[in-house]
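J.: Going down the list, the sequences are from chains R and A. For the first sequence, counting from 1, position 145 maps to 145 in my numbering; every step adds exactly one. For the second sequence, counting from 1, position 239 maps to 239 in my numbering; every step adds exactly one.
Derived by calculation from the structure, the hints in this document are not laboratory data. For clarity, every value in this text was computed on a predicted model and none was experimentally measured. Among these hints, one or two may not hold up.
[Unchecked claim] Dumping the calculated DSSO-like pairs for lysine-lysine here, alpha-carbon to alpha-carbon at most 27 Å: (1) R:K294 x A:K148; (2) R:K19 x R:K294; (3) A:K127 x A:K207; (4) R:K294 x R:K91; (5) A:K154 x R:K294; (6) A:K278 x A:K127.
[As the list claims (entries may be wrong)] Going by beta-carbon spacing under 8 Å, a handful of chain R positions derived as facing chain A: (7) D57; (8) R117; (9) L138; (10) G139; (11) L143; (12) L199; (13) I354.
In this text, a Cβ means the ideal position worked out from N, Cα and C, and glycines have one as well.
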Amino acid sequence: MLTSFLTDYTRYVLKGGTKFYAWMGTLSVFILGMLYVYYLQNTDGLIVTGMTSQIHDGLYFANLVFLVGVAAGAVTIVFPAYIYHHEGMHKVTVLGEMLAIAAVIMVMMFVFAHMGRPDRLWHMIPIIGIYNFPHSMLGWDVLVLNGYLILNFICGFYYLWVKYTGGKVNNKWFLPVVYVSIVWAFSIHTVTAFLISTLPARPMWFHSMMPIRFIVTAFAAGPALIILAFLIIRKNTKFWIDDSAINLLSTIVTFCLGIAIFLTMSEIVVELYARTEHANGLYYLMFGLHGLTKLVPWFWSSVVLMVGSFLFLIFPKFRKDYKVLPILCATTFAGIWIEKGMGLVVPGFIPSPIGEVTEYYPSFVEWLLTLGIWAFGFFILTILLKGAIGILLGEIKYGGAKAVAAK
Amino acid sequence: MAISETPSAGPAKETLSACPVQPASADPSNAVVKTTRRDFLKAGGMLSMSSLMGTAALMTQSDDAHAAVEWAEHFQKNYRLMTAEEKAEAKARLERRYSAEYGKQVSVDTTDAQPGVLMGYALNIRKCIGCRRCVHACVAENNQSRGKERAGEKIEWIQVLRMERGKFEQEKMNHGYPEGLGIQVGGNAYTPAGLVLEGQYHYNPEKVPEADATYMPIACMQCEKPPCVKVCPVRTTYREPDGPVVIDYNWCIGCRMCMGACPYWARRLNVTNPVLPKEEMNPVTHYLGNRPRMRGVVEKCHWCLQRTRHGRYPACVEVCPVGARKFGNLLDPESEVSKILQRKNVFRLKAELNTFPKFFYFYD
Numbered sequence: 001m002l003t004s005f006l007t008d009y010t011r012y013v014l015k016g017g018t019k020f021y022a023w024m025g026t027l028s029v030f031i032l033g034m035l036y037v038y039y040l041q042n043t044d045g046l047i048v049t050g051m052t053s054q055i056h057d058g059l060y061f062a063n064l065v066f067l068v069g070v071a072a073g074a075v076t077i078v079f080p081a082y083i084y085h086h087e088g089m090h091k092v093t094v095l096g097e098m099l100a101i102a103a104v105i106m107v108m109m110f111v112f113a114h115m116g117r118p119d120r121l122w123h124m125i126p127i128i129g130i131y132n133f134p135h136s137m138l139g140w141d142v143l144v145l146n147g148y149l150i151l152n153f154i155c156g157f158y159y160l161w162v163k164y165t166g167g168k169v170n171n172k173w174f175l176p177v178v179y180v181s182i183v184w185a186f187s188i189h190t191v192t193a194f195l196i197s198t199l200p201a202r203p204m205w206f207h208s209m210m211p212i213r214f215i216v217t218a219f220a221a222g223p224a225l226i227i228l229a230f231l232i233i234r235k236n237t238k239f240w241i242d243d244s245a246i247n248l249l250s251t252i253v254t255f256c257l258g259i260a261i262f263l264t265m266s267e268i269v270v271e272l273y274a275r276t277e278h279a280n281g282l283y284y285l286m287f288g289l290h291g292l293t294k295l296v297p298w299f300w301s302s303v304v305l306m307v308g309s310f311l312f313l314i315f316p317k318f319r320k321d322y323k324v325l326p327i328l329c330a331t332t333f334a335g336i337w338i339e340k341g342m343g344l345v346v347p348g349f350i351p352s353p354i355g356e357v358t359e360y361y362p363s364f365v366e367w368l369l370t371l372g373i374w375a376f377g378f379f380i381l382t383i384l385l386k387g388a389i390g391i392l393l394g395e396i397k398y399g400g401a402k403a404v405a406a407k
Numbered sequence: 001m002a003i004s005e006t007p008s009a010g011p012a013k014e015t016l017s018a019c020p021v022q023p024a025s026a027d028p029s030n031a032v033v034k035t036t037r038r039d040f041l042k043a044g045g046m047l048s049m050s051s052l053m054g055t056a057a058l059m060t061q062s063d064d065a066h067a068a069v070e071w072a073e074h075f076q077k078n079y080r081l082m083t084a085e086e087k088a089e090a091k092a093r094l095e096r097r098y099s100a101e102y103g104k105q106v107s108v109d110t111t112d113a114q115p116g117v118l119m120g121y122a123l124n125i126r127k128c129i130g131c132r133r134c135v136h137a138c139v140a141e142n143n144q145s146r147g148k149e150r151a152g153e154k155i156e157w158i159q160v161l162r163m164e165r166g167k168f169e170q171e172k173m174n175h176g177y178p179e180g181l182g183i184q185v186g187g188n189a190y191t192p193a194g195l196v197l198e199g200q201y202h203y204n205p206e207k208v209p210e211a212d213a214t215y216m217p218i219a220c221m222q223c224e225k226p227p228c229v230k231v232c233p234v235r236t237t238y239r240e241p242d243g244p245v246v247i248d249y250n251w252c253i254g255c256r257m258c259m260g261a262c263p264y265w266a267r268r269l270n271v272t273n274p275v276l277p278k279e280e281m282n283p284v285t286h287y288l289g290n291r292p293r294m295r296g297v298v299e300k301c302h303w304c305l306q307r308t309r310h311g312r313y314p315a316c317v318e319v320c321p322v323g324a325r326k327f328g329n330l331l332d333p334e335s336e337v338s339k340i341l342q343r344k345n346v347f348r349l350k351a352e353l354n355t356f357p358k359f360f361y362f363y364d
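Please model the complete structure; the sequences and the hints are all you need to start from.
T.: As structure tokens, this is what we get:
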């Protein structure tokens, strides 16, 4: 039965129209580019990136942080579906879980991109290596991310398996696992925030608001991406996603975005009112420091994107207009990607703990590698969503393999 | 001598900089080991993967010793967990590789911390003239990367910050700024008052000391509560019993958490394969100290373990022309550093972060 599941699933996801192949082909080109620059980076070293000893976390780390948020954002589907028994959401829960799986895989690829010695990753594996637990926050992060991947894999694929075989979900163990995965989603982003907010050496990050800010931005960016995916699915497949699900998601995006803006504003007031030396990082981000202003346009563009999207989103008229909504989702997503990615990571290093002001900009290698990892993520996401939809539609079914193949 | 104690250390002190050979040592494990294949096979009890790989590498007797030895290196344990035999193997492996790579006899010391020693460092902030001889001596002694073509190829562990000396001009003292609307503040509010941690690292004067500057040398503080050690996910960086915080370069995964955690910006990343010309390479090395590093790992000051474990001063102390740098045993009440702590005005940098450095600043 399992082999037939695998063959049916594979056969279904590999079959598609011109559009499908064109999309996957384009992604593959970026993936090949990524492999090449990754080779460069691991023979010549991180010198091919823009990172230095002063600013040693850059675009990779920024994307890593952001994508953990996207993964956690999947809980905005699972939570209403299982806690509030929202019917529209319940139908599509599994799609959220697929997104979480793809996002966590991308996070792990960014970890590989970030590391100076990816060949030594096994040093972190307990027993054969040393795992500095519970002291190292990075150790915690590895733990919760892997756990989240496994939980989502179990929840998602068990559900699909049941649909495939036509059986019934065994709620006795399935529901507890789902509840654990809901709590776990919060943990992954909290721990990722702790990763940088527990370093007193970096005053820009060293405040307790970081975890909640991470979570609300995640719950804005994650569902924004999900809405985009849902609208694409509605347009291109036979699978229908209820308006009620999309409307609930856009409401979540709106209010989480509002809170995120509020928190950013609070930080600006607290830091800049007294304007101590510890505010130098934020000041650099907003206005530049000692004539260095590379990130200033980034910051203000993110402010415009976030506040602008929010001002539109609060009106149900725009939120429920499915022609405007994708644009607002895209701007929200972009705004948060900037604010929480480069806008958060880089100024933590400016100035350095001994007061040096330097700048960072990603090199071509970094951009291409980043693009390639995103392409790989979308590649996986497309496969996962396609397979899941096929099963939900009943096009992949145990014993029905021949019918699908004949189509 | 501040840390005492190997009888042979005295004479070595003068000759070392000229002599490329490991000074004689009382410690037998310190002698340059010439391992033969038979020794290796006889060593027995080679249970770890690393020893198997090492043996395999030697048994192949390939011309490409370099590649074979490197392969074994990939599978060795964290230095702290190695048995004495494994340490000896790792040492022999590295000596073979380095000697072949740099074309001279390279020794890799594995001397442990000596009991009764806790290293400490004191720097007279008044005396420093900003000549940066310590920086250059450190680079030469500790085999740092020194390439000139690309920015990341140059690594220096000591930073000498040049700080503007605040000028408090009498006539300006009470000038209000901004005038009119706004909060009235005195003119001196916008004048730097000496030591704020916003210094210039890249300064190039014709002569030092400059009249309008003070200098603030910074390197690893060898904290008693090091934040870098806490965040390391693989425990590759740790505090040695005699004080210094060290790194097993072969175990570091290059995640850079330690660099983010260090409040003194003491750590550097080898962003590329270190540029270390053969003729400039210092062949007297310590496993946890100045042995050549590889791409993608973090490195930092270790108080010249290859010297200080044999009763010598760190290179920066030896070279300082004004005697601003003092080094010694904190457990010995008669050492220079202990006396400074007893009698001078001493402060620790960023004491509010509770890192408890063993690097003290003082002034007369």
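J.: For the restraint on L199 of chain R, tell me whether the closest CB of chain A is nearer than 8 Å.
T.: holds, 5 Å
J.: For the pair supplied as a hint, K294 of chain R and K91 of chain R, is the alpha-carbon distance within the 27 Å limit?
T.: Between K294 of chain R and K91 of chain R the Cα gap is close to 45 Å, so the pair fails against 27 Å, i.e. violated.
J.: For the hint on D57 of chain R, does the least C-beta distance to chain A fall short of 8 Å?
T.: holds, 7 Å
J.: Identify whether the interface hint at R117 of chain R stands, where standing means a beta carbon of chain A within less than 8 Å of its own.
T.: holds, 4 Å
J.: Does the alpha-carbon distance linking K294 of chain R and K148 of chain A stay inside the 27 Å limit?
T.: holds, 26 Å
J.: Taken at face value, is the distance from the CA of K127 of chain A to the CA of K278 of chain A at most 27 Å?
T.: violated, 35 Å
J.: With a cut-off of 8 Å on the beta carbons, see whether L138 of chain R makes it to chain A.
T.: At 4 Å from the nearest chain A Cβ, L138 of chain R passes the 8 Å test, so the hint holds.
J.: Do the numbers back the hint for L143 of chain R, that is, is its least Cβ distance to chain A under 8 Å?
T.: At 11 Å from the nearest chain A Cβ, L143 of chain R fails the 8 Å test, so the hint is violated.
J.: Should the hint that I354 of chain R touches chain A count as held when the rule is a Cβ pair under 8 Å?
T.: Holds. Min distance 5 Å.
J.: Taking 27 Å as the top limit, are the C-alpha atoms of K154 of chain A and K294 of chain R close enough?
T.: Holds - the C-alpha atoms of K294 of chain R and K154 of chain A are around 24 Å apart, at most 27 Å.
J.: Going straight from one Cα to the other, do K127 of chain A and K207 of chain A come out at no more than 27 Å?
T.: Distance ~16 Å between K127 of chain A and K207 of chain A Cα, so the pair holds.
J.: Quick one, are K19 of chain R and K294 of chain R close enough, alpha carbons at most 27 Å?
T.: violated, 39 Å
Checked against the numbered hints above, the structure breaks hints 2, 4, 6 and 11 and satisfies the rest.
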